[in-house]
Amino acid sequence: MTAAAAAPGAELRPAVKSEARGDSRRRDRNWVLALVALLAAEIVYFSGTVPGFFGGGTGLLALTEQFLDVGAIALGLAVVILTGEIDLSAGTMSSFAGIVMAVLWRDGLEIWVAVVVALLLSAAVGALNGLIITVFKVDSLLVTLAMQFILGSVATALGGASPPYGFPKSFVSIAGTGTIGPVPNQLIVFAFLALVISLLVGRTRVGRSLTLVGFNRPAARYSGIRVNRTIVGAFVVSGLMAGIGGILVSGLYNAARDDIGNSLLLPGITIAVLGGVDIFGGKGRISGVIVATFVLGFLTEGLLVAGDSSLSATMVTGILLLVCLAFKIGLDHRRGVDVRALVSRRFRRLQSIGDPS
Amino acid sequence: MSQAHRHRTRADQPDTSTITVDAYGERLVSTSPPASTRYVASHVSKAFNGAPVLHDVSAVLEPGEVHSLVGENGAGKSTLFKIMSGLYRPDAGELALGGERLADLTPRGALQKGVYLVPQEPTLMAHLSAAENLYVGALPHRRMPFVVDWSRIHREAATYFERVGLDIDVETPARQLSIAQQQLLECARALVHNCRVIMFDEPTSPLTSHETGILFDLMRALRGEGLALGFISHRLDEVFEMSDHLTVLRDGRMVASAGRDEITRDQLVTAMIGRPIGVRTRVRRTSDVTDRREVLKVEGLSSRPSFEDVSFVLTKHEVAGLAGLVGSGRTEIAETIFGLRKADSGEVRLDGEPLEHRTPRRCIDAGLVYLPEDRGRNGIFSDVDLARNVTAGIVPRLPLRWRLISTAREEAVARDSAARTSVRAASLGASISTLSGGNQQRAMFSRWLLAEPRVAIFDEPTRGVDIGAKDDIYDIISDLATSGLACLIISSDLEELALTCDRVLVIYEGRIVGEVRDEDVTTARLGELVVGGGRR
Amino acid sequence: MSATLSVEKAEPGGAILRDVLRKAIRLRELQLVVAIAVVVAVSALAHPSFVSPGNISFMLADSVVTAVLATGQTIVVLAKGIDLSVAPILGIAAVVVGFPAQNHNLPIVAALGLVVLVGLVLGVGNGLFVSVTRIPPIIATLATLSVYGGLQFIIANGQEVVNIPNAYDALGNNDVVSGIPWVLVIGVGIAVVVALFLRHTNVGRAIYAVGNDAGAAHRSGIPVQRVIFATYVLSGVLAGIAGLLYLCHTGSADSTTGTDSNVNLTSIAATLIGGTTLTGGRGGVVGSVIGAVFLSVALTAMVFARIPAIWEPAGVGLLILLAMVTDRHSSNLAARARRHRQGST
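Chains as they are written, first to last, in this note's numbering: chain A, 248 to 604; chain B, 295 to 830; chain C, 155 to 499.
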């Protein structure tokens, strides 16, 4: 299966032209384009059938406030999934961050300082996740599952019977429901985050390490990439983004929510998967996650505005996740990717028959 | 043989006549072996990813005989047995057992027909007991068809264990067994399924001589019972001791096939080594090089149980080799130097500076690079394009513009390096998995060139590479040495080492047992040392 | 045979070694029993009523639902899977029989058949996604968790079961003898049946084989995908039965039964703590049941120590982490010891 032989070396065509690109990134780009088309179709559909959805454009933009918090979480989740791990604690991490910030503010700290402390704490817990995973070699699924419940408890306990609410206007404006013209501030914040994460993953050395670790962990190790450090870093990012999501939630409701955490995880993962991030690591673009945020977000909001309950919206999300994955895995199967080998590769790290590595 | 004697031996065998149907209602164990268990493989060919591994190979396993496959690493021996046991499907050729043609053979089907391969690495179920491992997939049942008959399993397992020479408690978890015991367990498994054809893939590599003796006793007993046995080994002494018939493979082709008494050891070695395509004379660098500065010094390096007290030196402009059998510790030494394994003791110095707390990153940054042997698992990133594969070793040094990776400059860097090693690909953006084995390996070389190393360790640099590309890779290594790089080639291919190296160290069972220089670097001398010769 | 290969033995007698080996295998269960004893002892010292027959009965009964769920979870985890959707399956089962029981006095035997059916159907759903479409179990069951949760909401339709027939209540809350509740007997009975299934049937052994090495199992003729599918069906059935037990014990069921409590977490925790790890292929029901009892005892001890119920999930989470970290350690130690024994090449 040799590629067409060009004269050695000197005439290797540049990779920048997209038609010259034969690796997974072309497929990723196609997926993102498909998502954009889907988004457009969706907006048109809902705007046509559901009154109040489009709202002359302003309504549409305002709707985004409802789901950008999940989008932030999804960005962080995507980073972790790209390395081949998973972070189930992202949902309750948001509650945790929101509650910590609110409690610190209530007890006298200036709101923005409280925000910074909460975010630092989220990042620290993320680092803790990463450390337990890499140092004790426990599977990320277990560690983050346990952490999910630990954080949930902490959030509920700290929040107490009635969690703090009624934050200062500056906070609510920026992190919550304020707008600049028709554009919600949250959207601006999200755009900034999206840009940062996108550049981080796609255009920095750290991001390159991340994706290489996801593609082939042993090869990354042999290439000198500091695998453990990279994984811990990914969890720090995930923790931080989940924390930001929690701050946005608090801003949106103008109250710290200790109950919302668990319901953010599923949409977060769905957005990441829908966005094209491969559940086994390596493949996927952040741009896909960004578009998927809006795809799922508007889908949910469209259903809600049309009168469906939030419950059915959740069910739809779950079904969407299943369908999307089944489709992707089916595609991979047909393309000849050995899914079982991928799964066992992912689990091989768990083999504990005296393997020193 | 008296009537009484025959009765006695029959009573010793466990009653296997009722294991006809497995848990899923399918016939798994043949109660009556086929009329003849002559296993014929004819004109078998197989290629992986475009690289041919076997070409038009034929072999016959006769009942009551041990048939050995001999050849260098990568000659295709394992592949042939794997095809014959149903693990791989041949691209061309036929298999016939007892005259009956076997089409679309699967491992399960092979087992049903009574064919079993004892693999190079054990595939036992670690957490199940030894007894249960014998019967996995075909557990005997009691009156009700889904209830497992444990007492029978344990009783019969004990009998089988005794038969193969395994003195263990039947309920020992398989993970607690040594390699030798696991191999015997695999043999027992073959016997449980009434297999009449058993193939052994490099069984003796990890065994002590005592354990090898036990295995050979068993093989002789099985041969006496009329089984057809296949055997692969690097150790020619063993091959000559055990075989009735030998087949030599070289580069995927059959070059000789004879009875044990029809071929001498020298003839065998000649057939294995053969002559290279295109006569090569060894490039002599040593004469016209003045700078023999010591670049790498390894002193007293140990990592038990893999290797002990390894010391050697590499100088600038040198191509040195490290020869040894599979399992002798060669790769472990390289991995320890490179920081992937912990050393129990010893020191590594680069240009006089000690390299402590080694990690791959530290080594690469200091100028020591390692090209691992298993390219598919540890080398290439399959779904990633060529450019990124090439730059994977220097991620912390990727060119930046405005704090972000400059794709254009990265590509230029990758293109230059790929050009130096003549990688042939449609474009830099092509997925590396579309490249041939030879080009992939060239890409690996270009990866490590980018790190501007002073010392490079190449582990099996031409594995899975077609003949034409092999020569190119030797040229690459030669040029690198000329420009100053100190190279260490680890290889099972003695011819390769003889061609390319000024000096070869030989390792046997974890220790350096010899060093051969200049004119003494011949395949014959190396072949002697790698099997521990000269120490007996 | 002139010479044979043996496992290193301290004494020539095989019997003594066999005992020691068996004990080593059961180490995790022993650890748990010791841990339970310690917690009980400490709590009893501080609060003597901890060991009253009433409290013991309570703790045991409380552990039964988790134990039954954990039994199903064990089956799935043994084959290297995980089932996060057991909570809504429990809930749907409770609701589906709860209303007929309350309104139409559904006989308890019929209820049993009904919950088994419900669990079967929902388990089939999980099995389809994992084994047919090959979606990784963690994601698939995370998704079905919410889908089934929504289904439960729809079925319950905003109503609540508040009244159950006497037969149900007796089953759920009465004791066989003082201190031993009926539910415990049932729970133990179920665990015994499943344990026998796993140990003495070919399907049970196939589950272990698949968890050890799916590839080798496939080559030995085991239909791997079918086995994995079966594990999810069994987990569903057991979750359904747990739903009936829950209904009998608490006398209530509504649209959020199951998901409103920690049973998802505790079923997984009991399984993991009990020695059946996600790597698959090893462990068993006995450990999981002891794990469930341990969790119940530990959580009750927390209550007695006046730790607010809010901290229960955190406590369980910490126990999971502890169990995982010590498990790594002990298996690494064992591996290191083995390599040492096999020292010379």
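Derived by calculation from the structure, the hints in this document are not laboratory data. Here the structure is a predicted model, which means the values were calculated and not measured. Even glycine gets a Cβ: it sits at the ideal position worked out from N, Cα and C. Don't take each hint at face value.
Stated by the list, open to error - As a list, the in silico DSBU-like pairs of lysine-lysine whose alpha-carbon atoms are at most 35 Å apart:
(1) B/Lys376 - A/Lys575
(2) B/Lys591 - A/Lys384
(3) B/Lys591 - B/Lys636
(4) A/Lys575 - A/Lys384
(5) B/Lys591 - B/Lys610
(6) B/Lys610 - B/Lys636
(7) B/Lys610 - A/Lys384
Claimed, not checked - Rough simulated footprint, nothing fancy, chain A against chain C, three-plus residues with beta-carbon under 8 Å:
(8) 182-188
(9) 203-212
(10) 281-289
(11) 342-354
(12) 451-465
Do the hints match the structure? See the list:
1. B/Lys376 - A/Lys575: 32 Å, holds
2. B/Lys591 - A/Lys384: OK: B/Lys591 and A/Lys384 at ~34 Å, within 35 Å.
3. B/Lys591 - B/Lys636: 17 Å, holds
4. A/Lys575 - A/Lys384: 29 Å, holds
5. B/Lys591 - B/Lys610: Holds: B/Lys591 and B/Lys610 sit about 12 Å apart, inside 35 Å.
6. B/Lys610 - B/Lys636: 27 Å, holds
7. B/Lys610 - A/Lys384: 40 Å, violated
8. 182-188: Violated - the segment 182-188 of chain C has 0 residues with a Cβ nearer than 8 Å to chain A, which falls short of three.
9. 203-212: violated (count 0)
10. 281-289: Answer holds; 4 residues pass the 8 Å Cβ test.
11. 342-354: violated (count 0)
12. 451-465: holds (count 3)
Checked against the numbered hints listed earlier, the structure breaks hints 7, 8, 9, 11; every other hint is satisfied.
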